[in-house]
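Asker: Sequence:
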Amino acid sequence: MSVAEPRRIVLFRHAKADWPQVTDHERPLADRGRKDAAEAGRRLADTGIAFDQALCSTSTRTRETWKLAVQEFPQRPKTVYEERIYEASPGELIAVLNETPDDLRNVLVIGHNPGMEGLAEILAGSTEEEARERMGSRGFPTAAFAVLTFTGSWKDVEPGAASLADYWAPTD
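Just so you know, my numbering puts 13 at position 13 of the sequence shown, and the rest follows in order with no gaps.
Since the hints were made in silico from the structure, they are not lab data. Accuracy of the hints is not assured; some may be wrong.
Unchecked claim - Lysine to aspartate or glutamate pairs mimicking DMTMM-like chemistry, simulated, CA-CA at most 20 Å apart: (1) K155 / E99; (2) K67 / D24; (3) K78 / E99; (4) K35 / D46; (5) K155 / E5; (6) K67 / E26; (7) K16 / D31; (8) K155 / E121.
All values reported here derive from a predicted model rather than from experimental measurement.
Sequences and hints are given; from them, build the entire structure.
Answerer: See below:
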């Protein structure tokens, strides 16, 4: 694949988690989270994006979100469970994305706030206005996702390098 072809980064926040007496990393999804994860999976499938790879945090809630969402996909992408995504800052997430091989075109990242929202805002140098308005008014609630596009190598992912093409949240 040429680095001149458009690429997509989809930032997907985990669905609503429960608060049992476990560590934060081990928190499971709440009932609403399970429903929202499946709905987000349907919406992601409806985008028509063929994901080459999913990068998923190792937390229980992100793994459960991904397991429910991916069931809605026509084809399951390769999944990499990445410890560095848990509690990652936007800069740390960019470092993970910069390691993506250039033969991959579309990557889905399943992670946490404030990293997901911060990364969407930082990467989006330009935007589709309706998507920006929806994200601006909603923030980045659980099970929300943002679709960003860029051209170039994954090593070129940096602040302002992408366009916000789409945004969805469960109450949209």
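Asker: Now look at each hint and say whether the structure bears it out.
Answerer: Structure-based check of each hint:
| no. | hint | result |
| --- | --- | --- |
| 1 | K155 / E99 | holds (7 Å) |
| 2 | K67 / D24 | holds (19 Å) |
| 3 | K78 / E99 | holds (15 Å) |
| 4 | K35 / D46 | holds (17 Å) |
| 5 | K155 / E5 | holds (15 Å) |
| 6 | K67 / E26 | holds (15 Å) |
| 7 | K16 / D31 | holds (8 Å) |
| 8 | K155 / E121 | holds (19 Å) |
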